[in-house]
Amino acid sequence: MYKDLDPILHSQLRLAVVSILINVEKADFAYLKEETGASSGNLSVQITRLKEAGYIEVKKKFKGNYPQTSCRITNLGRERFEAYVRAISAYLKPK
Amino acid sequence: MEQTLTPEESLQIIQKSISNLRNNMREGSFYYLTWGWALILASLSSYFVIEHYIKIEQYQKINIMSLLTWSIFIAAALVVQFIVRSRSKKRDRVMTHLDRYVKIIWILAGMLMGLMVFLSLKVNTYPTPFILGVTAMATAVSGLMCRFHPLVFGSVVFLIAAIVAIYLQGTQQLLVFAVAMAFGYLIPGYLLRASKNGNNV
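Same order as they appear, the protein sequences are chains A and B. One point on numbering: in numbering that gives the first Met the number 0, the residue at position 65 of the first sequence is 64, and numbering is uninterrupted. One point on numbering: in numbering that gives the first Met the number 0, the residue at position 161 of the second sequence is 160, and numbering is uninterrupted.
Because the hints were derived from the structure by calculation, they are not lab data. Just so you know, even glycine gets a beta-carbon here, dropped at the ideal spot from N, CA and C. Misleading hints may appear alongside valid ones.
[To be verified] So, partial list: chain B residues that the calculated Cβ filter (under 7 Å) puts toward chain A:
#	residue
1	P6
2	I12
3	S16
4	L32
5	R92
6	V93
7	M94
8	T95
9	H96
10	R99
11	I103
12	Q171
Sequences and hints are given; from them, build the entire structure.
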């Protein structure tokens with residue numbers, strides 16, 4: 000079922016993360032956690048998958064003594080998201 | 000879970016993520032208020048300093064004292080901005096496209112203002128009308144991009160003030176500058192701050 004939908008994006012949390020990042024320049028881990036309501040562990044795993052797929056860019060830095068993870072969408076991520084939206088639109092259109 | 004996601008559910012996730020995004024432009028009220036007050040105090044202080052030294056006929060001190068008053072208030076605003084920004088937890092958490100463009104516009108406007116001061120001093124004239132012109136442009140673009148009408152109104156005041164200032168003498172230009180800042184920065188700044196408890200801007 001829905002075989003042509005990008006498996007990287009066709010997941011609740013990864014899709015939520017990419018939907019947020021497509022609308023902003025960058026967002027940090029804490030913001031994504033708050034907006035998605037996900038647990039740190041799950042979010043961390045999904046962010047790693049998106050990063051490995053090349054959909055997002057992740058930068059880690061220290062602010063004071065605290066690590067800060069900043070995420071930004073890549074051009075590939077943007078293209079794949081647009082393709083995904085087109086694909087689900089096709090399913091949703093009345094035939 | 001991944002297998003059971005339907006296109007309808009996907010669409011809901013996307014819609015929810017987008018609708019949660021709030022424009023954090025209201026935080027900009029801090030900048031308009033800080034710089035509004037700093038520049039009003041700087042221009043009024045400069046006005047009184049110049050008038051004072053003209054009265055006691057110590058003309059050689061006018062430039063240096065005027066420069067000093069501007070430097071003190073601009074430095075104070077920069078220090079306040081630095082302290083507040085470094086303490087702000089929200090900063091660096093998320094940056095919208097709009098945040099980025101507004102930031103770029105004001106950095107460029109600041110550089111242009113510096114250039115205007117330099118060029119005006121070179122040709123031996125007051126920089127006030129040129130500074131007001133650049134401020135009008137940056138305020139208009141910020142207001143139009145954020146769809147916040149008081150800022151657009153403020154930019155018109157800056158533009159009118161720039162034209163009026165050209166026809167006035169140096170010290171009178173400073174008074175026009177202070178009035179323009181009150182309309183262009185303070186009023187939109189307080190309206191933005193008031194909107195914090197109301198609907199999103």
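Status of each hint after checking the structure:
Annotation: P6 of chain B was flagged as interfacial toward chain A, and the flag holds, the nearest CB pair being 4 Å apart, inside 7 Å. At its closest, the beta carbon of I12 of chain B sits 5 Å from a beta carbon of chain A; the interface hint therefore holds under the 7 Å criterion. Interface hint status for S16 of chain B: upheld, as the beta-carbon distance to the closest one in chain A is roughly 4 Å, under 7 Å. The interface hint given for L32 of chain B is broken, as the beta carbon of that residue sits about 25 Å from the closest beta carbon of chain A, more than 7 Å.
Nearest Cβ of chain A to the Cβ of R92 of chain B: about 4 Å, under the 7 Å cut. The hint holds. Of the supplied interface hints, the one on V93 of chain B holds, with its beta-carbon coming within about 4 Å of a beta-carbon of chain A, less than 7 Å. The beta carbon of M94 of chain B comes within 4 Å of a beta carbon in chain A, closer than 7 Å, and the hint placing it at the interface holds. The beta carbon of T95 of chain B comes within 5 Å of a beta carbon in chain A, closer than 7 Å, and the hint placing it at the interface holds.
About 6 Å separates the beta-carbon of H96 of chain B from the nearest beta-carbon of chain A, less than 7 Å, and the hint is met. Given hint, R99 of chain B at the interface with chain A, holds; its Cβ is 5 Å from that chain's nearest Cβ, closer than 7 Å. Residue-level restraint check for I103 of chain B is violated (minimum Cβ-Cβ distance to chain A is 11 Å; threshold 7 Å). With its C-beta approaching chain A no nearer than about 43 Å, Q171 of chain B sits outside the 7 Å limit, and its interface hint is violated.
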